[in-house]
Amino acid sequence: DGGITQSPKYLFRKEGQNVTLSCEQNLNHDAMYWYRQDPGQGLRLIYYSQIVNDFQKGDIAEGYSVSREKKESFPLTVTSAQKNPTAFYLCASTSGAGGRSGANVLTFGAGSRLTVL
Amino acid sequence: QKEVEQNSGPLSVPEGAIASLNCTYSDRGSQSFFWYRQYSGKSPELIMSIYSNGDKEDGRFTAQLNKASQYVSLLIRDSQPSDSATYLCAPRRAGSYQLTFGKGTKLSVIP
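Which chain is which? The protein sequence lines are A and B, in order. Numbering of the first sequence is given in our numbering, commencing with residue 190 and proceeding in unit increments. Numbering of the second sequence is given in our numbering, commencing with residue 120 and proceeding in unit increments.
Simulated from the structure, these hints should not be mistaken for laboratory data. Everything numeric in this text was worked out from a predicted model, so none of it was measured. Mixed in with the good hints, there may be bad ones.
Stated by the list, open to error - Here are the simulated lysine-lysine pairs, DSS-like style, with alpha carbons at most 30 Å apart:
#1 A/Lys198 with A/Lys246
#2 B/Lys175 with A/Lys260
#3 A/Lys272 with A/Lys198
#4 B/Lys222 with A/Lys203
#5 B/Lys225 with B/Lys175
#6 B/Lys175 with A/Lys272
#7 A/Lys259 with B/Lys161
#8 A/Lys272 with A/Lys246
#9 B/Lys222 with A/Lys246
#10 A/Lys246 with B/Lys186
#11 A/Lys203 with B/Lys161
#12 B/Lys222 with B/Lys186
#13 A/Lys246 with A/Lys203
#14 B/Lys161 with B/Lys225
#15 A/Lys259 with A/Lys198
#16 A/Lys198 with A/Lys260
#17 A/Lys260 with A/Lys246
#18 B/Lys161 with A/Lys198
#19 B/Lys225 with A/Lys198
#20 A/Lys246 with A/Lys259
#21 B/Lys225 with A/Lys272
#22 B/Lys225 with B/Lys186
#23 B/Lys186 with A/Lys272
#24 B/Lys161 with B/Lys222
#25 A/Lys198 with B/Lys222
#26 B/Lys186 with B/Lys175
#27 B/Lys175 with A/Lys246
#28 B/Lys175 with B/Lys222
#29 A/Lys203 with A/Lys272
#30 B/Lys175 with B/Lys161
Next up, chain A with everything else stripped away, as it sits in the complex:
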């Protein structure tokens, strides 16, 4: 079955450490995204990538980095510069940009929950 796989599901980090969250999709989607969700909050966009070897900052990119070396993969690194990294991280993908018909619906992975100790 096609889908988005995120790993690990749960991750604990000590302060000062960088951690990398994995996101792999087999939907043949061109665009991939990383969102962050805090309790009682909506989803905030961290980074997104429209094509391989290209990505753009979202609303809250500071303290995060990404790469897009393969179409299927879009890993997110939470660096030590991120002051409050404890959150639920969601990876998503679409086949392209939204058209008037509303094609290219955002599909999510199961999420990764990061806790800083």
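Please arrange chain B on chain A, whose structure you already have, making use of the hints.
Relative to chain A, chain B alone:
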């Protein structure tokens, strides 16, 4: 600044009643509108999408859109306890890769 406003709730309705969830948005360039359901601790899943003014029905769900008023709503008929979740509203501009999410409305259906 694009803003999407939703009542945070919790919205409590008895089983079998109609639940009405509302969303207003500030970006007049928004052309596609999505409702996602998110169970506690899980990722969002798409419930409905709507692109034209008026109503769109899918089973027990009806999405309503009024672009002039910058308002979109989701009605859930014959509410079930399994509908208890947080519902996220997300508009998107045509040709854009980005969705802007509201903070969500928490719905509780009481048996």
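Honestly, which of those hints from before does the structure not fit?
-> Violated: hints 2, 6, 23, 27.
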